[in-house]
Amino acid sequence: MLILTRHAGQKIMLGDDITVHVMEIVGNNVRLGVEAPKRLPVYREEIWAAVKEENQASATADADAIPQTPAAKAA
Amino acid sequence: MSITIDSTRFGTIEIPSHAVVEFPTGLIGLGGSRYVLIARDENSPFVWLHSVDDASLALAVTNPFQFFPEYEVELSDSEAERIGITDPADADVYVTVRAAETLEDFTVNLRAPILISRGRGHQVINESEAAPVRAPLFVAATAEQAA
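Residue numbers (this note's numbering), protein chains in the order written: chain A, 95 to 169; chain B, 301 to 447.
Because the hints were derived from the structure by calculation, they are not lab data.
Source: prediction; values computed, not measured.
Even for Gly, the Cβ is constructed at its ideal location relative to N, Cα and C.
Some hints could be false.
[As the list claims (entries may be wrong)] With the Cβ distance kept under 7 Å, some of the chain A side facing chain B (calculated, not the full set): (1) A144; (2) K146; (3) N149; (4) A151; (5) S152; (6) A153; (7) A155; (8) A157; (9) A159; (10) I160.
[Stated by the list, open to error] Facing chain A, from chain B, some residues (calculated, C-beta under 8 Å): (11) L327; (12) I338; (13) D341; (14) L357; (15) A358; (16) R382; (17) V397; (18) I425.
[Said to hold, decoys possible] Ranges between beta-carbon positions, derived for each pair: (19) B:S428 x A:A159: 24 to 34 Å; (20) A:K105 x B:S317: 38 to 48 Å; (21) A:G127 x B:R340: 39 to 49 Å; (22) A:T113 x B:E404: 28 to 38 Å; (23) B:E401 x A:M117: 43 to 53 Å; (24) A:E139 x B:E342: 31 to 41 Å; (25) A:Y137 x B:N363: 16 to 26 Å; (26) A:E118 x B:E381: 19 to 29 Å.
Start from the sequences and build out the full structure, keeping to the hints where you can.
Written as structure tokens, this is what we have:
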């Protein structure tokens with residue numbers, strides 16, 4: 095992992111198109127601004143990880159694990 | 301024109317080409333960007349979002365509104381701009397299903413719905429506060445029946 099030291103007001107470039115601004119540092123919190131091409135989604139990591147886990151869970155279900163009729167819903 | 305998927309779950313499936321949904325940035329954490337919706341039984345509340353490119357990749361999904369009539373999708377401005385959908389009502393909405401041994405333990409991810417509109421699909425982050433990652437399906441269904 096690349097580790098850089100930055101001060102508030104400084105930036106990091108990821109390639110030519112993505113800029114990460116260090117906006118403000120208060121105690122344990124760092125406020126970051128991300129400028130990226132609009133097609134590129136930006137996520138908080140913990141949300142990304144939680145969604146990835148649910149996506150994988152929904153993709154591991156066997157065909158038989160999913161009820162096929164509304165009647166089965168009440169079973 | 302049709303395409304054929306040799307699904308590991310469902311065997312050989314023929315799909316009309318126009319049914320293919322393009323996901324420009326895929327689904328979060330999963331490969332593939334072309335999927336089709338497959339209903340095994342048109343009465344079932346559950347359908348499958350099946351990868352066109354990976355025969356073993358299919359996500360169980362459902363329409364959240366039949367279980368959560370009050371459900372809302374709120375997009376941030378940047379997310380709306382990214383996907384080109386400003387009003388989620390313009391899109392078909394699906395949520396992923398986490399299956400379990402018993403239906404009482406089934407949950408769905410209300411936090412990251414999948415919006416499909418005009419042949420394009422996007423998984424988005426729902427900014428609504430009432431949108432847990434694991435919302436119990438059955439509790440919602442019984443509460444609705446009791447109401």
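Against the structure, the hints:
A distance limit of 7 Å between C-beta atoms decides the matter here; for A144 of chain A the minimum to chain B is near 5 Å, and the interface restraint holds. Because the beta carbon of K146 of chain A sits about 3 Å from the nearest beta carbon in chain B, less than 7 Å, this interface hint is met. The interface hint given for N149 of chain A holds, since its Cβ lies 5 Å from the closest Cβ of chain B, which is under the 7 Å cut-off. Below 7 Å, beta-carbon pairs count as interface contacts, and A151 of chain A has one with chain B at about 4 Å; its hint therefore holds.
A least Cβ separation of about 4 Å between S152 of chain A and chain B falls short of the 7 Å threshold, and the interface hint therefore holds. A least Cβ separation of about 5 Å between A153 of chain A and chain B falls short of the 7 Å threshold, and the interface hint therefore holds. For the restraint placing A155 of chain A at the interface with chain B, the shortest Cβ-Cβ distance is roughly 4 Å, inside the 7 Å limit, so the hint holds. At about 4 Å, the closest approach between the beta carbon of A157 of chain A and any beta carbon in chain B falls short of 7 Å, and the interface hint on this residue holds.
For A159 of chain A, the suggested interface contact is upheld, since its CB lies about 4 Å from the closest CB of chain B, less than 7 Å. Taking 7 Å as the C-beta contact cut-off toward chain B, the hint placing I160 of chain A at the interface holds, the least distance being around 5 Å. For the restraint placing L327 of chain B at the interface with chain A, the shortest Cβ-Cβ distance is roughly 6 Å, inside the 8 Å limit, so the hint holds. About 10 Å separates the beta-carbon of I338 of chain B from the nearest beta-carbon of chain A, more than 8 Å, and the hint is not met.
Interface restraint check for D341 of chain B: the shortest CB-CB distance to chain A comes to about 4 Å, inside 8 Å, so the restraint holds. Among the interface hints, the one on L357 of chain B holds; its C-beta lies about 6 Å from the nearest C-beta in chain A, closer than the 8 Å criterion. Proximity of A358 of chain B to chain A holds as hinted, the smallest CB-CB distance being about 6 Å (cut-off 8 Å). Using the Cβ-Cβ criterion of 8 Å, the hint placing R382 of chain B at the interface with chain A is satisfied: the shortest such distance is roughly 5 Å.
With a cut of 8 Å, the hint placing V397 of chain B at the interface with chain A holds, because the nearest CB-to-CB distance is about 5 Å. Using the Cβ-Cβ criterion of 8 Å, the hint placing I425 of chain B at the interface with chain A is satisfied: the shortest such distance is roughly 6 Å. The beta-carbon spacing between S428 of chain B and A159 of chain A, approximately 28 Å, falls within the hinted interval of 24 to 34 Å. Taking 38 to 48 Å as the suggested C-beta distance range, the pair K105 of chain A and S317 of chain B conforms, at roughly 45 Å.
Separated by about 46 Å at the C-beta atoms, G127 of chain A and R340 of chain B satisfy the suggested range of 39 to 49 Å. Between T113 of chain A and E404 of chain B the CB atoms are about 48 Å apart, so this pair departs from the stated range of 28 to 38 Å. Remark: the range hint 43 to 53 Å for E401 of chain B to M117 of chain A is upheld by a beta-carbon distance near 47 Å. Checked against the hint of 31 to 41 Å, the pair E139 of chain A and E342 of chain B passes, with Cβ atoms roughly 39 Å apart.
The hinted window of 16 to 26 Å between Y137 of chain A and N363 of chain B holds, with their beta carbons roughly 24 Å apart. In this structure, E118 of chain A and E381 of chain B meet the distance hint of 19 to 29 Å, their C-beta atoms being roughly 25 Å apart.
The structure fails to meet hints 12, 22 from the earlier list, while all remaining hints are met.
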